[in-house]
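Visitor: So the chains spell out like this:
There are 4 protein chains.
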Amino acid sequence: MTALQPLIDAIVSDMRAMEDKGKVANYIPPLANISPGKFGLAVVLADGQVLTGGDAEEPFSIQSISKVFTLTLALGTAGDQLWRRVGREPSGSAFNSIVQLENEKGVPRNPFINAGAIVVSDMILARHEPREAIGQVLRLVRDLVGEDSIAIDEHVARAELETGFRNEALANYTKAFGNLHNDVDRVLGVYSHCCSIAMSCRQLALAGRYLMLGGLNPETGRQVLSAHRTRRINALMMTCGHYDNSGEFAFRVGLPGKSGVGGGILVVAPGVASIAVWAPGLNAQGNSLLGSIALERLAAGAGWSVFEGG
Amino acid sequence: MTALQPLIDAIVSDMRAMEDKGKVANYIPPLANISPGKFGLAVVLADGQVLTGGDAEEPFSIQSISKVFTLTLALGTAGDQLWRRVGREPSGSAFNSIVQLENEKGVPRNPFINAGAIVVSDMILARHEPREAIGQVLRLVRDLVGEDSIAIDEHVARAELETGFRNEALANYTKAFGNLHNDVDRVLGVYSHCCSIAMSCRQLALAGRYLMLGGLNPETGRQVLSAHRTRRINALMMTCGHYDNSGEFAFRVGLPGKSGVGGGILVVAPGVASIAVWAPGLNAQGNSLLGSIALERLAAGAGWSVFEGG
Amino acid sequence: MTALQPLIDAIVSDMRAMEDKGKVANYIPPLANISPGKFGLAVVLADGQVLTGGDAEEPFSIQSISKVFTLTLALGTAGDQLWRRVGREPSGSAFNSIVQLENEKGVPRNPFINAGAIVVSDMILARHEPREAIGQVLRLVRDLVGEDSIAIDEHVARAELETGFRNEALANYTKAFGNLHNDVDRVLGVYSHCCSIAMSCRQLALAGRYLMLGGLNPETGRQVLSAHRTRRINALMMTCGHYDNSGEFAFRVGLPGKSGVGGGILVVAPGVASIAVWAPGLNAQGNSLLGSIALERLAAGAGWSVFEGG
Amino acid sequence: MTALQPLIDAIVSDMRAMEDKGKVANYIPPLANISPGKFGLAVVLADGQVLTGGDAEEPFSIQSISKVFTLTLALGTAGDQLWRRVGREPSGSAFNSIVQLENEKGVPRNPFINAGAIVVSDMILARHEPREAIGQVLRLVRDLVGEDSIAIDEHVARAELETGFRNEALANYTKAFGNLHNDVDRVLGVYSHCCSIAMSCRQLALAGRYLMLGGLNPETGRQVLSAHRTRRINALMMTCGHYDNSGEFAFRVGLPGKSGVGGGILVVAPGVASIAVWAPGLNAQGNSLLGSIALERLAAGAGWSVFEGG
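Going down the list, the protein sequences come from chains P, Y, D and G.
Note that the working numbering has the first sequence beginning at 1, numbered continuously upward.
Note that the working numbering has the second sequence beginning at 311, numbered continuously upward.
Note that the working numbering has the third sequence beginning at 621, numbered continuously upward.
Note that the working numbering has the fourth sequence beginning at 931, numbered continuously upward.
To give an idea of the chain Y side of the interface with chain P (calculated C-beta under 8 Å), a few residues:
{"hint": "1", "residue": "R398"}
{"hint": "2", "residue": "S403"}
{"hint": "3", "residue": "L523"}
{"hint": "4", "residue": "R541"}
{"hint": "5", "residue": "R542"}
{"hint": "6", "residue": "L546"}
{"hint": "7", "residue": "C550"}
{"hint": "8", "residue": "D554"}
{"hint": "9", "residue": "G557"}
{"hint": "10", "residue": "E558"}
{"hint": "11", "residue": "G581"}
{"hint": "12", "residue": "S615"}
{"hint": "13", "residue": "F617"}
Calculated pairs, DSBU-like style, for lysine-lysine (alpha carbon to alpha carbon, straight line, at most 30 Å):
{"hint": "14", "chain 1": "Y", "residue 1": "K333", "chain 2": "G", "residue 2": "K1035"}
{"hint": "15", "chain 1": "P", "residue 1": "K105", "chain 2": "D", "residue 2": "K725"}
{"hint": "16", "chain 1": "P", "residue 1": "K105", "chain 2": "D", "residue 2": "K643"}
{"hint": "17", "chain 1": "G", "residue 1": "K953", "chain 2": "Y", "residue 2": "K415"}
{"hint": "18", "chain 1": "Y", "residue 1": "K415", "chain 2": "D", "residue 2": "K725"}
{"hint": "19", "chain 1": "D", "residue 1": "K643", "chain 2": "D", "residue 2": "K658"}
{"hint": "20", "chain 1": "Y", "residue 1": "K348", "chain 2": "Y", "residue 2": "K333"}
{"hint": "21", "chain 1": "G", "residue 1": "K1035", "chain 2": "D", "residue 2": "K725"}
{"hint": "22", "chain 1": "P", "residue 1": "K105", "chain 2": "G", "residue 2": "K1035"}
{"hint": "23", "chain 1": "P", "residue 1": "K23", "chain 2": "D", "residue 2": "K725"}
{"hint": "24", "chain 1": "Y", "residue 1": "K415", "chain 2": "P", "residue 2": "K105"}
{"hint": "25", "chain 1": "P", "residue 1": "K23", "chain 2": "P", "residue 2": "K38"}
{"hint": "26", "chain 1": "G", "residue 1": "K968", "chain 2": "G", "residue 2": "K953"}
No lab work stands behind these hints: they were computed from the structure.
In this text the structure is predicted, and so the values were computed from the model without any measurement.
Note that beta-carbon positions come from the ideal geometry of N, C-alpha and C, so glycine has one too.
Working from the sequences, and respecting the hints, build out all of it.
Guide: Next up, the structure:
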């Protein structure tokens, strides 16, 4: 473990040298301009130690990683009732697939595909105004990091709303089955703003500490979630955190993680570390290409796989 | 941990008292006659200690749990070439679904659904005679347990071949895409015989030790598989070990496992324990109903979830 | 043929006596209140003779039957370019299925399922204002009937827009694939208003004359469409006019037809008759239950099946 | 109509000059060697007149066109009970798709896709020996043509059985759902032999006369089928006769037809003509490429579309 910083440095240097950096998401215009050369990595250990490498201080759009935080918030208020409206199985399909929704009558397979997170956003919205619901998510994230400066990139949020036809389709489709209680526009407003939270790797790794610590936010000393529910979020990140690439990620990295099309991945080594990586170029399934490779290296090098036993 | 035997005893007693025991698989005639009241549990710890409860000495048909052993054998010979012919993603479908095969041109989603294990059986068969290939699997299992008495129930094997129309369909379908190199009958002969291995919970938990110990067979002191590949089998058991119920199992139990329609489940707490449970009644997805509940209790009680961090 | 009026009268009387009248569509509120006891039938022969029975003068919401008229209009302007954006195969799925759209990248299977008609509406809209596009469809229908009184039921149109979440989903989905050029709201405005045209059986049968007469509107003496394209619309009505019940309708009735969830069906016996029936109760696939039975009786009694050869 | 022979001659000459002749089916070895330059056309009119062009006397493998004859035979014995085990809707999928079977629990969409014809073969087999069942089909075809020389190409039948893994899969799959009563091997034996009947265009057009004449076999003066059921077979040929190209064929040709991968198509103009065409090169959906074009020309030139009304 003393060799962790050199391992991080070696990974950063190797990733920067890689020729194939994947393809930056181009369907959300403001994200399309990010340089594919960016690479950041941050690790927070259980004892509070923070190690970083590369562009670990540069904020990026966390996108679908926000699904972890909205699920955390919704579980806190709706409790296990939530699982009546969202499943917890891997979908076997792309992140924005609508096929499963038709076959399963408007109940999304899990909260980490778009349709599932849209239903979770509907629960957070409940009887609040969108502005207030978004505020709650932002407050949760700021509390987890311990920094009030974290903000939403309104430019990205607006671009997503303007071009998010598949999300519009998914939301309307769940609504057609009665699984969306608020207006589609209000729900997608909440959803898109949460996706547009900007954080650095360091901030994101800090935000993920409660997942490593059984639900405890070390910043405030308070439980964000029970240990029981925290374990379950980790389990969902393992089986569903990378869309139709989740099996591959578990196979290669062996840690629960959640990716976003902004190129970030939040990963948890339960009891040991909270890790965030950022590399904007994506693989075919929409997960950070270099981020996944870096995490495989890190988990193997540090011996952090939860499947390790030897 | 000192309280492990009382925990096992409490679970056995509670499971025996449960009214809804699920439905015993009825499509393989010899399995249909097993009493749903049977319940066995066995735990082998990393230090070699063996704890059991209930019908832990009674042999049952391991069925799809054999997919773990055939995969282990095939990885040993074919190596990573294996993954060209079988995927490693959860299928999102039932264990005997054929839909995915059509969409993905004869490449099964993972080695733990029937189609995937049929392709793995084809690899084991290679240029051997079926009898020889089956012999190799049996030898592996006997070596893992350290008991030469373990045998195949020929009665079950024959019944499976006679009624296995869906497996015939899956095998022919992969062959139509060129992903089966041997005759369908020979491949299904190997597949069905491996499924028909009979073991007790105690034996099965012993057989699973290498998965807890990074690939080491403590019986022989030899590596059955590299630590690296062993981790990966554990990962596959986590994401794909329970068909379209894999997410739920990870969510509730938090350990890699593989179930069989005979009512058995083999579970691994990496570095800590190898666990086998048997209760013949199944849930809607074809996994042992009481077995799953028992494992949730055991993992929670012993604090073994890999997602635990608090 | 001299016995046609008695045949119509017998059918009306038998249909009124039927106990199972199907289920009136309940997802469009204003349609839910229509009495399931209504039954109307109108036949216009090639020589211009008009025969009616039952509630043949009462206007009803033509709903998806409007898809025939919008397709006619779009073919007139876009020509065969239209087929680059819409297919002409039966979908094998329900009228509002979205699965096919995902698999075929936003190109609807045919112009008679909702997604297809939405794309056709987008073509009619082109660079016009919605009001103008709707006006063109209404003008076409009025010209075909020869009555200027035909109107849109604004109450129905508004209700459809407010509750049409699946159509919103379909429109957004095609737009996500670039197969919708105008704003979703404008396109659905056109689509819903066309569906909300109200006509009686007599008027609808008059409107269908051009389909029987090779494209000629006998009202004006002008070709609405070439004989060639008219044959093709008839062919599409045969293979795709009743959603996933099209095969059954062809099998039983043997004539091209297009149904609507308002309970109307427009049917063509090429060269012989244009027929409209109305019975608000629907079968499981969303087609008029009694309407289908009545048409089977009429076609058999009059010997009008295009598959007749004896 | 006096110009029919010149029209046929012009079509033959034009088709022979076409450069793109499609791709000869290569998955049944003996069919792969047929010259793509072959082209035959035969028309039998209601008055008995026979007109031919090109290679109209050369026998070819009728393949799936046999599905019309086996359906005719099965309807004669099983009657409408047949429709409990086979649907009558277009499948919207390829001829050998298995996806629909899983969703609809082993009931094939219609009798003209492979799975449907396999179930029909099972009905014909009933309690007979395969040899006898095949003999009945052959007798029907010989009676329809009035020539006893028509035979099965055993070489083709054997090749089909040896390479027909998808048909093996389909048969086993329907059997898994209980929708196949006989042994898979026996059923596929019947199925493959019927597909391997060899006929010339002239013979095939003669065999199709009963479909034009309301079920009457003019050769024997006996009804092969009631007028009612004959209409219905024609309807099925219209909606399902060309797999996922059926809509296109109806759109372009406007006549009921059934194609085979041997490159033949049997087409009916009810009351007017029975037509057979043969051109071995196929389009992407497995239907004769030049055959379809030739029929479009013929139907348009002769004014035979059933959708004609002008």
